[in-house]
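Novice: The listed protein sequences derive, respectively, from chains A and B. Be aware that the first sequence starts at 1, since it is given in full-length UniProt numbering, and climbs by one per residue. Be aware that the second sequence starts at 1, since it is given in full-length UniProt numbering, and climbs by one per residue.
Hints in this document: simulated from the structure, not taken from any laboratory. Be careful, since some hints might not be right.
[Said to hold, decoys possible] A few chain B residues that face chain A, going by a derived Cβ cut-off under 8 Å, partial list only:
hint, residue
1, T79
2, N88
3, A91
4, T93
5, K94
6, V409
[Stated by the list, open to error] Okay, the calculated bits of chain A under chain B, using three or more residues with CB under 8 Å as the criterion:
hint, stretch
7, 143–156
8, 227–239
9, 255–263
The beta-carbon is built from N, C-alpha and C at its ideal position, and this holds for glycine as well.
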Amino acid sequence: MFRSVKQNFEGMLYIFPSFLLFAIFVFYPMVRTGYLSVHMTDFQGNPTNFIGLEHFRYLLEDVNFQQSVKATLLFVLYTVPPTIIIALSLALLANEKVKGIQLFRTLFSSTLGMSVAASSVIWMFMYNPAIGVINRIIAALGGEERQWLLNPDTALIAAAVATVWMNIGFAFLILLGGLQNIDSSLYENAKIAGVSYMYQLRRITIPLLSPTLFFVTTVSLIHAFQTFGQIDILTKGGPMNATTVIVYSIYREAFINYNFGFASAQAVVLFFIVLLVTIVQFAVVERKVHYQ
Amino acid sequence: MKKLSLLFSLLFLLVGCSSEKTEQASAQPSSEDKTQKGKTEVVFWHAMEGDLGKVLNEIVHDFNTSQSTVEVKPVFQGTYEEALTKFNAVAGTKDAPTIMQTFEVGTKYMIDSGKIEPVQTFIDQDHYDVSQWEKNIVNYYTVNGTIYSMPFNSSTPVLIYNKDAFKKAGLDPEKPPMTYSELKEAARKLTKNGNYGFSILNYGWFFEQMLAVQGGLYVNEENGRKGEATEAVFNSEEGLRVFKLIQDMYKEGTFYNVGQNWDDMRAAFQSGKIAMYLDSSAGVRTIVDSAPFEVGVSYLPIPDGVERQGVIIGGASLWMIKDADEAQKKAAWEFMKYLTTPEVQAKWHVKTGYFAINPAAYDLPLVKEQWKKYPQLKVTVNQLKETKATPATQGALISVFPQSRQRVVSAMESLYQGVDPKEALDRAVAETNRELEMARKR
Numbered sequence: 001m002f003r004s005v006k007q008n009f010e011g012m013l014y015i016f017p018s019f020l021l022f023a024i025f026v027f028y029p030m031v032r033t034g035y036l037s038v039h040m041t042d043f044q045g046n047p048t049n050f051i052g053l054e055h056f057r058y059l060l061e062d063v064n065f066q067q068s069v070k071a072t073l074l075f076v077l078y079t080v081p082p083t084i085i086i087a088l089s090l091a092l093l094a095n096e097k098v099k100g101i102q103l104f105r106t107l108f109s110s111t112l113g114m115s116v117a118a119s120s121v122i123w124m125f126m127y128n129p130a131i132g133v134i135n136r137i138i139a140a141l142g143g144e145e146r147q148w149l150l151n152p153d154t155a156l157i158a159a160a161v162a163t164v165w166m167n168i169g170f171a172f173l174i175l176l177g178g179l180q181n182i183d184s185s186l187y188e189n190a191k192i193a194g195v196s197y198m199y200q201l202r203r204i205t206i207p208l209l210s211p212t213l214f215f216v217t218t219v220s221l222i223h224a225f226q227t228f229g230q231i232d233i234l235t236k237g238g239p240m241n242a243t244t245v246i247v248y249s250i251y252r253e254a255f256i257n258y259n260f261g262f263a264s265a266q267a268v269v270l271f272f273i274v275l276l277v278t279i280v281q282f283a284v285v286e287r288k289v290h291y292q
Numbered sequence: 001m002k003k004l005s006l007l008f009s010l011l012f013l014l015v016g017c018s019s020e021k022t023e024q025a026s027a028q029p030s031s032e033d034k035t036q037k038g039k040t041e042v043v044f045w046h047a048m049e050g051d052l053g054k055v056l057n058e059i060v061h062d063f064n065t066s067q068s069t070v071e072v073k074p075v076f077q078g079t080y081e082e083a084l085t086k087f088n089a090v091a092g093t094k095d096a097p098t099i100m101q102t103f104e105v106g107t108k109y110m111i112d113s114g115k116i117e118p119v120q121t122f123i124d125q126d127h128y129d130v131s132q133w134e135k136n137i138v139n140y141y142t143v144n145g146t147i148y149s150m151p152f153n154s155s156t157p158v159l160i161y162n163k164d165a166f167k168k169a170g171l172d173p174e175k176p177p178m179t180y181s182e183l184k185e186a187a188r189k190l191t192k193n194g195n196y197g198f199s200i201l202n203y204g205w206f207f208e209q210m211l212a213v214q215g216g217l218y219v220n221e222e223n224g225r226k227g228e229a230t231e232a233v234f235n236s237e238e239g240l241r242v243f244k245l246i247q248d249m250y251k252e253g254t255f256y257n258v259g260q261n262w263d264d265m266r267a268a269f270q271s272g273k274i275a276m277y278l279d280s281s282a283g284v285r286t287i288v289d290s291a292p293f294e295v296g297v298s299y300l301p302i303p304d305g306v307e308r309q310g311v312i313i314g315g316a317s318l319w320m321i322k323d324a325d326e327a328q329k330k331a332a333w334e335f336m337k338y339l340t341t342p343e344v345q346a347k348w349h350v351k352t353g354y355f356a357i358n359p360a361a362y363d364l365p366l367v368k369e370q371w372k373k374y375p376q377l378k379v380t381v382n383q384l385k386e387t388k389a390t391p392a393t394q395g396a397l398i399s400v401f402p403q404s405r406q407r408v409v410s411a412m413e414s415l416y417q418g419v420d421p422k423e424a425l426d427r428a429v430a431e432t433n434r435e436l437e438m439a440r441k442r
């Protein structure tokens, strides 16, 4: 009896530092966001009067917010599947035992070392209609030059392409780690059995990689929902709000318009969207995951 | 592994949702009342970047060495919007500055914040003569008869054009277009070989100016000067003319969409992609110096048959922060007075293109000499001098200007997608009205 109390106490002691950090930087802001979302706020972000769910009611009918939700979902669609597919292909290539493969592993994961801000600026120059390399290439091939970031039809895709490039490094590194964890004796067996590469990929690699794939997908999804930096630098949410993803909209409401209450309401909505997606992920997709 | 991935996912989820709340402005070293030398320290937050920042630092340095009681510390805080956000975070604490530079559309916001002391207090105490200031500039910062902030860097919009391109197109480089029809005509001639005639940045300020130059109001209650504005009115005939101009020219193929970035716009002009565009007078000196061709500066074009009313003062002013102690406020006031002397204003004007708050500066030899070299600077001054003081040219006074500008920018962008100008304007007005309504509920 005494032992278990002591053990419990000891356990709590270990957890305490991280709990403290979580409480200060995560739980408190979360509760505060919820609290602010049902209030009007002054310019300093102090709640002034309680208005209940009015912010949420307005959000439902606000075409700009609907546009944000749509832009966010499209952005997720444009970034997550391509990132995973490209990163997985690269990881499979880089997992081969070939001379000099270290060089390629470093190259493929190198975008991990680039900050969002720095890579966004590079892409901004590449997309520039007057001096950008992309238009130059198109012009050299006889195509017509385009204003990639100024056209509502292409702006979101342009931002998504840049994001895929930025995210490949992280996904690649995790997937490569997962691949290297797969027991090599399985592949030896497959070799003896003489199965094709595709069969081996489908029956050995993908099932054994599924926990890693699941992790990468979940994290990438959540990341994609929270995209901010590249939007802020590349398009500032424009043109015509085509790239105003929810987090950018939250930022604009809170820190440009000083509408902290309204911004908090949007943050709460985003929280529930991401929560829902994550629950679906765990309830549906995880069943297919094969744990060793 | 299962638990681990769940934990990680949740962690990302939680941290992401809270990050917009944990952002903190970088704290400044707390301003001590006295420095070692016994000088009163005044912290001055500003938003002057690049060349402008260099000139400002020079002026502050001159002031600090010119006397032995006050030490001004200029601190660059990013763009006007960013500086205001940081100010917002520290207002009322020890880390707040004594002097804060805020852009013109932040005027109502600063007054409503309750964190500032009107400079009128010091003008009265000191019996300072404000009649020496440029009337049109003082006009903007006067609300209900009180001068709230010290005008410092004031600018207006101008038409900037490429004289060499004019000559090549067979146009007279000394006769820039003054009306919409002349502008369209010139743009048609200037559009060729993948280069375009004209451009306006997708930025609310230019729309506001093109509205005011025709005498159009932005919001009701005489632009919010007579009472609290409750409705936006910029979807008037005047506003529609501006939007129609943009769409007509864009459809004709003589107008180039430069986006929302000032640097992109200026780069497009310098590379010859656009031959005419609207810019702030604060950029004139830099453009003239850096363009590889001859640059002309002219007045804002107006619709045919409309009487020119003039332009609204843009730029920024200096605000005294209420919570600073008396000695600091007195010291800050000394610095503000120094800034408005003709000598300092002359230097500021010729090195940047901002106006002299104190018109006596224009009579100084420094300005006269520089005007010979840069006649373009004089155009900007004349345009302001000819401005009539009306509620339209005084500028709108609303606290939700940032929001309203975003709506106007969206409306401008939708013009390039073929949205009807009237529809685009009506939507921007409806959304601005909603913001005004929200602001009243606070």
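Novice: Run every hint past the structure and note whether it holds.
Specialist: Structure-based check of all given hints:
no.: 1; hint: T79; verdict: violated, 10 Å
no.: 2; hint: N88; verdict: holds, 6 Å
no.: 3; hint: A91; verdict: holds, 7 Å
no.: 4; hint: T93; verdict: violated, 11 Å
no.: 5; hint: K94; verdict: violated, 16 Å
no.: 6; hint: V409; verdict: holds, 7 Å
no.: 7; hint: 143–156; verdict: holds (count 4)
no.: 8; hint: 227–239; verdict: holds (count 3)
no.: 9; hint: 255–263; verdict: holds (count 7)
Consistency with the previously given hints fails for numbers 1, 4, 5, ordered from lowest to highest.
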